[in-house]
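First to last, the sequence lines map onto chains A and B. Numbering-wise (the numbering used here), the first sequence opens with residue 65 and increments by one. Numbering-wise (the numbering used here), the second sequence opens with residue 65 and increments by one.
Please note that a few of the clues may not be correct.
[What the hints assert, rightly or not] Distance ranges between label pairs, derived from CB positions:
#1 B/Arg82 - A/Trp264: 45 to 51 Å
#2 A/Arg169 - B/Asn198: 36 to 42 Å
#3 A/Arg216 - B/Gly84: 51 to 57 Å
#4 A/Arg110 - B/Arg82: 21 to 27 Å
#5 A/Asp92 - B/Ala236: 39 to 45 Å
#6 B/Trp264 - A/Asp92: 18 to 24 Å
#7 B/Phe108 - A/Phe103: 29 to 35 Å
#8 B/Arg109 - A/Pro273: 47 to 53 Å
#9 B/Pro273 - A/Pro107: 58 to 64 Å
#10 A/Leu162 - B/Gly164: 55 to 61 Å
[To be verified] Here are some, though not all, of the chain B residues that point toward chain A, as calculated from beta-carbon distances under 8 Å:
#11 Ala85
#12 Asp91
#13 Asp230
#14 Leu253
#15 Arg258
[To be verified] Taking beta-carbon pairs under 8 Å as the criterion, some of the chain A residues facing chain B (in silico):
#16 Val87
#17 Asp91
#18 Asp92
#19 Val95
#20 Pro232
#21 Gln235
Don't read these hints as lab results, they were simulated from the structure. Each residue gets a CB set at the ideal place from its N, CA and C atoms; glycine is no exception.
Take a look at the letters that make up each chain.
Protein chains: 2
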Amino acid sequence: MSGDDAFGRALLDSAEGRPGAVVVERDDGFVFQEGGRGFYEAPFRRWEPHERGALRYARGRVLDVGCGAGRVALELQNRGREVVAIDASPLAVEAAKLHGVRDARVLGIEDVDESLGRFDSIVLYGNNLGLLANAGRARRLLRRLAAATTPRGRILGGTMDISTADDPEHQAYFARNAARGRLPGQVRLRARYRALASPWIDWLFLSKPELEDLTAAGGWRVARCIDAPGGRYVAVLEKRSA
Amino acid sequence: MSGDDAFGRALLDSAEGRPGAVVVERDDGFVFQEGGRGFYEAPFRRWEPHERGALRYARGRVLDVGCGAGRVALELQNRGREVVAIDASPLAVEAAKLHGVRDARVLGIEDVDESLGRFDSIVLYGNNLGLLANAGRARRLLRRLAAATTPRGRILGGTMDISTADDPEHQAYFARNAARGRLPGQVRLRARYRALASPWIDWLFLSKPELEDLTAAGGWRVARCIDAPGGRYVAVLEKRSA
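Use the sequences and the hints to build the structure in full.
In structure tokens form, the structure reads like this:
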């Protein structure tokens, strides 16, 4: 079961009318339930207000990274925008296509290059800044995204400042990370769905100062942040040279 | 984390205003979400119709086995009935008391004896016939419950006929059980809640013919069944000698 595309299967099952619960397991054994109330398929009016509000900053031609079931690509497409949706999961891409995304491709963020053409905006919603995984990978990926964007290019990235978490068990997890020289919000996770278990991955949650540091090294700056309760926010990154 | 009272902790957290998701993990890695929409704390009007309907058969002095957060004991108590609620989990018993159950005690079904006094009815709702665990234990426990009840004693037991399951993965699990000489519905489970994981236990789902067999050996007979969708039912057991 380990190594399965648990999350993609859940998205595709749901797209095909068999919704099921995804469980996210942290490497300390902590379990979370994910995707309640149709989060991954939500139409724009049911998005969280900060994601709705920040979408105005997605200008021009847009790349939707980690598109999942396609909610962001669909909204942009409905607004008449040119949008390319990518996801590393073939099953997620299939789900996005079933939902009506016209240009959805199987591609991981680490394989984004000029073959997709240049983008004016790159959207990483639903905490998808987490795909940056860790500090080293974040710098490399941000430089890669800089190369894939026009000089006026923007990144709209969603994440959560976990330093505001008031749960002692979560605080302890973040403190252990820091003690090991990792970013506190570098969280090792896997998805469980039915009898499927995805590979373990690192998922990165970033405070605003941490994001400032990483983006600077990657060729970007934080132009503004749109905040939400619980420490969540969407950061609008612009190029340092711009 | 293994060996924790994950389920009891979840019930108590919820009783104290911190509801959280319980995940049930089967030993083949299949994960289920449990207790959605306040199931364990539901007032009578939000119970499933077959459990509501079958409660009329609970006469006299009642033992509520595996009381959890106490929804069944509370309803009987509100009807002015004498009810003793037991649960093997100290945290669940604490939750039941917080919800207002007056006589809730830490006791497993395998320790029920005459020290509790005799009961006219024993209620095993919420699939709690599952506590019978396997065929051998079921016969022993049913004899023990017979000794704890009056000659007119009844058991109201909830379970599910899993032979009607149309999911191929579940069917395969049940078939493997049968091939190993176990009852098909003998399911090895553990509860996960936050970073807690309960011990693995066997939980028994029974078809009506299987229940007939086990109850006969345990001194009972199936007087009637009240059915619900999905193969679920409440069986009303009466003593063979009665």
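- Message: Please list, smallest to largest, the hint numbers that this structure does not respect.
- Response: 1, 2, 3, 5, 9, 10, 12, 13, 14, 17, 20, 21
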